[in-house]
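K.L.:
Each chain is listed here by its residues.
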Amino acid sequence: MKCMLGKAAFVAAAVTLCAMPIIAGQAPAGRQGGAQPAAAGPAQGQGRGGFGGSGDTRVLLITKGHPYDREPFYQLFDQPPVGASARWTHVEQPAAEVFFDPALARDYDVFVFYDLNGNQGDRRHARVDKTGKPVVNKDGTPAFTWDPPPADLVANTKALLRQGKPMVFLHHASASWAHSWPEFQEVMGISCDWGQPLRARGVDHPKSGFFQNTRQRITVVDKAHPITQGLGDGFEIVDESYNCPIFEDSVHPLLRTDFTPKDVSLNLNSKSKFSNLAGWVKTAENSPIVYIQLGHDRQAWENPAFRTLLDNAIRWAASPDAMAWAKKNPKKIFKN
Amino acid sequence: MKTTLLKQLIVVSVGGLLVASAASTQLAGQAGAAGQAPGGAPAAQGGRGGRGGGGNIPQGGRGPIKVMVVTKGHVYEREPFFQMWDSWGSDITWSHVEHPAADVMLSPKYSKLFDVYAFFDLGGPGVGGGRAGQPAPVIPPGSFKTANNRFYPPPSEQFKTEFPKLLREGKGFVFLHHASAAWAHTWPEYSEVVGGACDWYAPQRIRGIDNPNHGYFGMTPQFISFVDKNHPITKGLGDGFYVTDEAYACHWFEDSVIPLARTDFQPADPTKNLNPKVKYSNLAAWVKTAENSPVFFTQVGHGSTAWATPAYRQLVLNAIKWAASPEALAWAKANPKRIFNASN
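Order-wise, the sequence lines are chains Z and E. Going by the working numbering, the first residue of the first sequence is number 1, and it counts up by one from there. Going by the working numbering, the first residue of the second sequence is number 1001, and it counts up by one from there.
To be clear, the hints were calculated from the coordinates, so they are not data collected in a lab. Wrong hints could be hidden among the right ones.
To be verified - The calculated DSSO-like cross-link candidates involving lysine-lysine, where the alpha carbons are at most 27 Å apart (straight line), are: (1) E/K1337 <-> E/K1279; (2) E/K1160 <-> E/K1337; (3) E/K1337 <-> Z/K158; (4) Z/K158 <-> E/K1279.
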């Protein structure tokens, strides 16, 4: 039996088995033996409501540059609530950069980032001194230099944000362009690198902290915002926490974690304070922006509160209200 | 804790310099509240839980051949499929791009990003006309309607314009299994690029011949024989290989391809799936040219039983390497197959 995808054939149920026995091909004598074709495996979200979602919000789902547990991540987007709101197209870097062209971005309502861009092997180079000897950071890690973002990507990003394209950044997307594009960090409101010291807003920091499998309480600090609806006062979750430079003064807080690193100064400049922000909204030029720190692995993705949060974030970002709010409260990031 | 990063030395090749990093807790973040031991690495590197290509190969690979992997329109087992691609990660760097974004990418405008385009998609999939008691389906505008009330959307005008240009530029193209059904009703030239056409769900007219629904035969144990053992794609692979996979009875263009492999599978009654004027073809792999581009197709590769077969993996990897090679590109330019009108 084959399963065909057709958006009109989608139904909301996420795990409905594909059922087209009526038009099945013929069984060759002695060949089929009743065995199921391989595509009928249970782990692919192959129900008609899955495998790309069945909703109206067109999402460009961007990954690459940081490994993740692929299948459960895709199922997060296949299944309700996200899969019932969104219809997603997966595009990995570097192809995703092409869609920053506003003419091409038109086909998508929201960009969702789960990538880590700008740190690929061909964009990062070992730093050497005048004698050609590799330079080592204070912490002993090899030092690098990073290529600046391509000029057309910068121009397109600027144009896209000025048009007001909604963007949702998840978890490790906060490390994109950490060393070579400060404006991109300003778009997100955060900058991370867990492997290298970094400079954010002119302040030098040690490499960022990450704390996996952290049992934590997430508190909703803006209960009136559309993104926090259905979350009550907050929720428990086991997920990876970060200690990164966060631009608290540039964001509107939605969520905070009760996690606190034991020694903040291991990962932040001694003059910087640890931020326990776990989710926020902001604007970048005319675009509504959401950042959610949560979402490292299936412990988060299978948490109903996280699913609600992500669904709310995507739906809010794509809403006329969010776009109007961003246009009314623009944040100039790019010069000129 | 990023345990795998601690267990293994992540060796990052940068400009010919092998740099060991993230191999010890000295490089790690600090322990979390949950008492987790720290780990750390340049986050763009290294696999997570063996989810890369094994060894030190990250998800998506890091090899010299840049491949765009196109899917959507037909379901498949995602993770084992992607693991196959990761397993080639020392030879290729691959990026997954789904329709409709893939349609945009298949243009000379963006061709510098990729050497080879690999297809496991079903572009322009059909939509059923709906059944009593079920919500009416959304019929894409401009769809082709089949005799059994299925609707097939046409490719976008931009795609129809740009794809021929990409083929004329000369790139490597690799088509796998159900990719042979893409645009079968709405873009006959596309079927000519692949070298055949399928639709298992509706009667179709291929090269002016009306066929009934094509046939598919899941989990068929079969022997794939190499009929050209000297081609770079098959050389060194022996006489062939056993595989349990979905076989087809589709309309292959035998006169337009160079056979590389044939299956020993035979449908019991080919006339159920093919016009009697069309002889059943047991072709299982071929090469051809399309405009100035080298093209490879294999019918094999429905699911994880095929993808886990070492000979299959080697065959497809060889095909990717061949499609990216200067020799294949030169061969295609010297033996071009004109498919599209010059105005395209």
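K.L.:
Hint by hint, say whether it matches the structure.
P.N.:
Hints, verified against the model:
1. Between the alpha carbons of E/K1337 and E/K1279 the distance comes to roughly 23 Å, so the proposed pair stays at or under 27 Å and holds.
2. A threshold of 27 Å between alpha carbons decides the hint, and for E/K1160 with E/K1337 the separation of about 17 Å falls inside it, so the pair holds.
3. Between E/K1337 and Z/K158 the alpha-carbon distance is near 43 Å, which puts this suggested pair outside the 27 Å criterion.
4. Our distance criterion of 27 Å between C-alpha atoms is broken by Z/K158 and E/K1279, whose separation comes to about 57 Å.
Comparing the model with each earlier hint shows violations of hints 3 and 4; every other hint is respected.
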